[in-house]
Every structure is written in C-alpha cells, then in structure tokens.
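Enquirer: Below are the chains, spelled out letter by letter.
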Amino acid sequence: MRTYLLSRLAQLFPVVFGVVTIVFLLLHLIPGDPVEIMLGESAVAAQKEELRRELKLDRPVAAQYVEFLGGLATGDLGVSFRSREPVLREILSRFPATLLLAAASLLVAVLIAVPLGILSAMRQHSLLDHLSAFLAMLGLSMPNFWLGPLLILIFSIRLGLFPVAGFGTSRHLVLPALTMGTGMAAILMRMLRSSLLEEIRQEYVRVAAAKGLSRRATVLRHALKNSAIPVLTVLGLQFGALLSGSIITETIFSWPGIGRLMVQAIDARDYPLVQGCVLFIALCTVAVNLATDLLYSRLDPRIRYG
Amino acid sequence: MATVLLLALLALAGCTPKLPIDEGTLVIALPGSPTSIDPRLATDAYGEQILQMTHAFLIKRDAAGNPLADLAETWEERSPTEILFRLRKGARFHDGREVTSSDVRYTFEWILDPRNRSPHRATYDKILKIEAPDPHTVLFYLKEPFAPFLVGMARGIVPAGSGARGYTPVPGAGPYKVDDFQPDEAITLSRFGAYYDHSPSIAKVIVKFIPDSNVRFLELKKGSVNFVLNGVDPDLLPAALKNQNLVMEEAPGSNVSYLGFNLRDRILSDVRVRRAIALAIDREAIVRAIWKGHADLADSILPPGFRANSEELSPLRHDPAEANRLLDLAGYRDPDGDGPKPRFTLTYKTSQNELRRRIAAVLQEQLRQVGIAVEVQSHEWGTFFSDIRKGNFQLYSLTWVGIADPDIFHYAFHSSQVPPEGANRGRYANPELDRLVEEGRRELSRSKRKEIYRKVQLLLFRDLPVFPLWVHRNLLLRDRQLAGFTLAPDEDYTSVKEMRIDRQVRGATGKAAP
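Protein chains in written order, with my numbering: chain A, 1 to 306; chain B, 1001 to 1514.
Treat the hints as calculated values from the structure; they're not laboratory data. Remember, predicted model here, so these are calculated numbers, not experimental data. Any given hint could be a false lead.
The list that follows gives simulated cross-link-like pairs (lysine-lysine, DSSO-like), each with its CA atoms no further than 30 Å apart [to be verified]:
1. B:Lys1060 x B:Lys1390
2. B:Lys1018 x B:Lys1060
3. A:Lys56 x B:Lys1390
4. B:Lys1204 x B:Lys1060
5. B:Lys1018 x B:Lys1222
6. A:Lys56 x B:Lys1448
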C-alpha cells in the first residue's frame, strides 16, 4: 500500500508539471497585456515599460517560465497582479466556498441518485423505473443557467424559502447545491441502476435468494456494495470537477468560488493568479482521484495495492 | 429518502427573515466586485462608486465637471503653475485622526511614486512638487500650465503612512466606514458619526456584488436588494415596475457609446465611407428596440450638457439613400443592386456582452441594406480590447465612461496618442486637431477653452474618426421608501449620505416624480 501511495504521489509531479507548463504557454499565447489592463490606457508608454520591467514581463518567455518554476519549487505562487494579494491567500480565501458547494452538491446528488437508482434496478421496467429514467433525462437536459434561475423563481421568489443569491449561511447553500447536484444525480442514478442490474444477475444473488434471503436484503447488503465501484469512479471524477468551480452556478448565485476567481483572473490576464488556480485545481483533482482509488480497496477486498 | 431531503430543505428554510428595508438597511447591488477600494489604486467603476461613500475627496465635481468643495473648502490659482488648496478644519478619518495637508501630500506623492504602480500616476504627471506649509494648506506646483488639473484632483485622501494592502480597506474620511469587505460577495458599511458634513440618516449600507442581471432583478423583486442603479436590463424594467414596492427614476447620463473606425484601413480611410456607414445606421430604431428608449442620440463623445459641448453639430440622421450615394461616389458600387453581393465586407469586433452582441446583429442588418456586408466577431474582453489597442480591427464599438473634461479629445484623438501611448485607437491624425487640443490643455480661461473645444468638435464631426451613437440614460430602481438620492449623470454615489427611509410612503406602481 505504501509503495503504491508513493508511486502515485511520484506520478503527481509529471501531471502538475505538464498542467502548469501548458497553462503557462497558453496564457502567454493569448492576446491581452496585463500591464495595459493594470495601468489602464491613460498610462504613458514609459510607465507601462517600467511596470513591465518590474513584473519581469519584459524578459523572454523561457526566462519567465524558469523563474515561475523556481518560485513553484519554493512554494511561492507569487502575488496577484490585480489585487496585489499573495496568490495562495486569494485561492485559500475562495476554496472554502468551492469545497462547501462541491460537498453539498455531491450530497444532493447522492441523496437523489442512490434511492432512485436502487428502486429502478429492483423494479426494472416498472412505472417507477420509467419515471426515474425520465427524471434522469430531465436532469441531464436542464442546463444550470436555466435551472438556477428557475429554482430561484420557485423557492425564493414564489415560496420565499431561500435567499436569491449570496453566501454565508446554510440557507444560501441550498439552491446552488440543488442546481449543481441535479445534473450529477441523473448520471449517478443511471450508472447505479445499470451497475446494480449487472450485479443482480450474478450467481451469488441467486444463491442468496435460494437460501431464503429477501430480495431487499440481498440487494442492499451484497449487490449494492459490489456495484459501487463504477459509481464511485464517476463520483470521484464529478467531485474533482466540482472542486474546480462552476462559473455558471457561481455567477448566478453570486457564489465567491474558485471558478469566478479564475475567470476574472483570465480577463485581467493576471498570470500568477491563473497559474496558481490551475495548479491548485490540478492538485485537488489528483488528490480526489487518488482518494477514489484508495476507496476501491475498501469496497472490494480483491483490489490490493502495492 | 426524497421525503428526508424535502424535510431537510424545509428545515433549512426556516422562517423568512425581515427585509433589509424594514431593518433600516440600504442594500445596493453592483454588477461586479471592485479589484481595489483604495482611492490610489481603484480604477473600475465599482471601486469608484464605493469610494464615493467611504472617502472624502480633495475636491468633488458636479455633473458639468465643475469643481466642488469637499476636504478643500477653497482653492486658488496663485499662478498658472501654482494651485493652493485650503482644507476644512475638523474633518476626521475613520480611525479618528484629523485630515491635514500632510495626508493630502502623502496621497498624491504615493500615487506619483513609481514603486507603488498606481494606475493614476499619469493623471498627475504634471505635478512638479507638493508643499504643505501648514496643516490646512496644500500647494501644488505644476511643470507647466495644465487646464484639466483641477478636475483630476477629485481623488480620495488617505491617512499619511497608509500602505496598500490588497483587499484590506484603507481608512477614509467619508460618510461611511468599511466594516467588512469580502471580494465577489459584499461590502458592509456603517455610518461614520464624526463625518465632517453631517452623519448620514441610514446607519448601514450593504453593497452586494451580483454579476447576473436577472439575479439583480430577482433580488430587487424579493426586496433583499433595494437599490440598483443601471443594473437591470431594459427588457426587465416593465416587469420590475409591476412590483408595488419599487419605483424607477430616470435621468440623463454621461456614458457615450460610439462606433470606432480604423482609419488606416484601406476602405475606412475614406471619410465618405465612414459618413455613409453613419447614415446607414438607424440609431433611433436601436435606441427604441434594444435600449427601450432609455438612451439619447449622441452627436459628440462629450455628453449633452457638458460644459464645452457644441450646439452647432447637426446629428447625422438615418438616410440610406444618401449613404448609397456616398458609397457610389467613393467608388464602391453595388455589384448587383438589391442582390446578395455586397459592395465590400467589413469586420465588426465587440465583446461578449449579450446586449452588445444584439446591437452588432442590428448594425449588421442595417449596413446590409446599403450593400455593406459585416462579419461580427465577438471576443472575450481581454482579447477584444487587446485587438482594439493594437489596431487589429476595422469597426468596433465601445463606451466612454466618466468623461470629466474635454481634454478627453487629446487622449482620444491626438496623433501622439496612438496606443500604447493613449487611446487614439482608430489611428486618427490631423495636425489642426493636434494643435487645438494642445492649446486646450494649456488654456486656463474657461470661455477660451470652450471656443477651442467647439472647433475640435466641428473638426471631428467633419472627419468622423468615430461615430457617436447614443448616451445611456441613468436608470435607478429603488424601494419606494428610500428617498433623498440625487441621480447624477456620472452615476455618482456621493448622495447616498443624503438618503433616508420614509416609512410613510406607500403608493401605486410606476415611476417616481423627478
């Protein structure tokens, strides 16, 4: 296990190196000058050159890249061009909001998907199965930019149950989590249904039934656990994606997450902040994937690492 | 399980809290979060608007750009290069210190220090030195006479010794002090009891940063926001006015949208083509259809009513027949009359703003009517602006905001101001205009300046390096109980300090009395 963990952690370096390199190059390729954006048009050319020198943007891209990697090696992500705050502080100030929304969305998805997925599998081709298939299709088809305002209209304006937008209390969390969780629930539900159906057809399920174990107990105690691996894979991938923020949901609900921060940083050509955000998101994704892989062995003792 | 989820949601919902207006709180929605709330660094409109509530300025400006007293009670030009300001006594910063001339000197010297990378440094590069002979007198020495100097002194003052610390607020001497600032969320302000003028009536102001226009509208509808200035799309205004608690105020604005031409382009270098394009555009139809009538036609990039505005410009009205004639004269005959083949094709660049894209589609159709094909390219802001600065465009549209002085003509049209130096994005070059705008910034007599800028505007009207489209009207949606705000053309939030909550006001829906 330890060897496996170390080897996975070692794999982290080429992944992170690849990601930061690609983003560094892309950022320097796209049009837009951070100095122009920072100083505005009114600054004279000499002032812009001065700032360009100070930020070391006048140096060749290769030299800037080496400098960036040097900073990275010492854990220094630099200072945001835009806000003059240390990049790490900017990211860490937004991460709790992103993590909270990601966890709540995941919870919503699981709470919807697991019961419906199990019921659909247990009562295949029933009315309930068709209904859940319809709901899954609906969940997948509704884009967040439409679902978000719809939920606001119903739950906030009509029923007055939740705030329209904002951040701070648990009441603020409900609608964005429902918006993001619904689509995810649809995928999870279908995944769980098909995975569970496969398990239900296995011989050990027939043996359990032959020995007199109820269908419900067979499914919940044995089949469900065995069908969880593909579901967990999807869940891990989705959670990793959620941690990178969702610009649409964050914009609709004025949620101060990583997604909005990164888009603003890109707009301002705030190179250190964009690179810092991407690095952070890459690390989160790798960490979630690793955690998912480790969970496999918990769920299925046949899976052994190391 | 679904029942459990529903019950959990209802438990979380709990009882609905009181509306902010009932608690005496003014809640303003702004479309974006400021990158800085330090007057030495803030450049975006959102930062400026918050500073108008939190900081006292050396001087203020009225709607016509005339200087008004704020921390400086009086000022005098001791010579064309020496301007003396006398500060009021008893003004205090939020930390309790008295505002003195040392603070004023420090603020401007900090901006001028290259190490501090202030975006406002260029505004003050005519300052030679600053003296503070006594605690209430500041003397500015200029390198040369500079007419727009006084207008530029409308800058928030910070206590001497204040460093710039990212998002950490710097104390001001304005009517409200910052209690809490959460970027991309909200800023909470509370009444400053020791404000020199008078303590504001409303004790607490929350400014929420809500990027989505529909959500700003929904927050207003719910009452969780009770004040939105220019933040609701014109399409949503009728729906907003159905709400009994809301009223709308409308007043002329100062943000001027214009169509920019690249004068180094082979086709657009011909003034007849530029004039034909202007005549082919039915601005009135666009104002009616897209702005729902909440804009006025512009004839100059200076807003109407501005002190140096010219009355002699006859606006270019929609005249497709004349546009066709001019294009024929310029040698661009329509190859197949009303057929599909165009005279020529132009590229029009715009941002990804939804309204801008709709305007682009209308312009495309209107220009097609006179045989000009337009390819619309909509880019993310950084790319769009970079292309405009580099001259990588044929047509584009942008809006001038916060024009405070006719010296804008130097910045926008002098031949030395081609980017990266200034904002002459269309690469216009006219020695006569260069001479006039140079003269205008040196001339201190207001009447003589007015005459100079009259000539400048006539020149620009003749050469048409840009085509002014419309001036946006300011639209305020507010709770009916809020009173006392003065709608200024430049979207100034200074008069928030005069606002009060009038509990007696109840009435029908609709517009407020002017």
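Enquirer: Hint by hint, say whether it matches the structure.
Expert: Taking the hints in turn, this is what the structure says about them:
1. B:Lys1060 x B:Lys1390: Between Lys1060 (chain B) and Lys1390 (chain B) the Cα gap is close to 35 Å, so the pair fails against 30 Å, i.e. violated.
2. B:Lys1018 x B:Lys1060: Answer violated: Lys1018 (chain B) to Lys1060 (chain B) is near 37 Å, above 30 Å.
3. A:Lys56 x B:Lys1390: 22 Å, holds
4. B:Lys1204 x B:Lys1060: 24 Å, holds
5. B:Lys1018 x B:Lys1222: 11 Å, holds
6. A:Lys56 x B:Lys1448: 46 Å, violated
Violated hints, in rising order: 1, 2 and 6; the structure is consistent with all others.
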